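Trainee: Each chain is listed here by its residues.
Number of protein chains: 2
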Amino acid sequence: MKNFTLLVLITVMFMSCEPVKTKDMISGKFAHSVLIWLNNPNSEADRQKIEKGLKELIENSDYIRSAHLGVPALTARDVVDNSYTYHLMVTFGSKEEQDKYQVEPAHKKFLADCKNLWNKVLIYDSMNVLEEGENLK
Amino acid sequence: MKNFTLLVLITVMFMSCEPVKTKDMISGKFAHSVLIWLNNPNSEADRQKIEKGLKELIENSDYIRSAHLGVPALTARDVVDNSYTYHLMVTFGSKEEQDKYQVEPAHKKFLADCKNLWNKVLIYDSMNVLEEGENLK
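Just so you know, the sequences run in chain order G and W. For the first sequence, this note's numbering assigns the number 62 to the initial residue and increments by one for each residue that follows. For the second sequence, this note's numbering assigns the number 62 to the initial residue and increments by one for each residue that follows.
Just so you know, not all the hints are guaranteed correct.
[Stated by the list, open to error] No farther apart than 25 Å at their CA atoms in a straight line, the calculated lysine to any residue pairs in the SDA-like style are these:
1. G/K156 to W/E165
2. G/K156 to W/K84
3. W/K113 to W/E165
4. W/K169 to G/K110
5. W/K84 to G/P166
6. G/K110 to W/K113
7. W/K84 to G/I97
8. W/K156 to G/P166
9. W/K156 to G/T136
10. W/K181 to G/D123
Since the hints were made in silico from the structure, they are not lab data. Nothing here was measured: the structure is a model prediction, and the numbers come from that model.
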């Protein structure tokens, strides 16, 4: 019996040593990826204003599921564009929810407060083709 | 005592009726956003091949934290680019982990198997400036 307990213990230890890959599908089938180029990317005041606006937008939106607000990682490769100032990636449960986000008060307020800060916006909207759980172990 | 229990029950019921917004920060501080333009975006064989390759890459990578594999959502706005074929967005825990992903076997295999399928790739790498929990309620 003692030996059996020892065997179980050793087995459990080995199992916990085995690397387990855990991945998430980014939640929300609809991804809204927004690249923003500020007029004055080196202005600390402008950066603070838009970061505050974007954080309030994420906080107050009724439709955003998940968010990433990024600045260029400055990876040095030919195919990488580091010229933008902010990358906002937000997800929604569906295309319809993204349509509602476009006209909700939180989004309108953000645009009214901050649209004078940028000179270019480029958007990639995409629908996830991964099934939840599929290939994500 | 009965009244107190009733009061607690009513309070709990009201609390659960209040709408609670739940948002996630997309996990992984480093977002690697890859737009891919296929040579033959209408070829079902090419699409199946690259989708299989991308799913295997996501499955087998030791470094990918979370993933979105999207196709154009066809939102009709001037600032939206719908010309790409796939948008792969994967996240990593750090810039160092993304560096390791670039040279890991799963990524090398994907490139060897599929790089002849596309004519253009555009990448946005960004570091999240949101603090976990901040503005994400």
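Trainee: Any hints this thing doesn't respect? Which numbers, in order?
Mentor: 1, 4, 6, 8, 10
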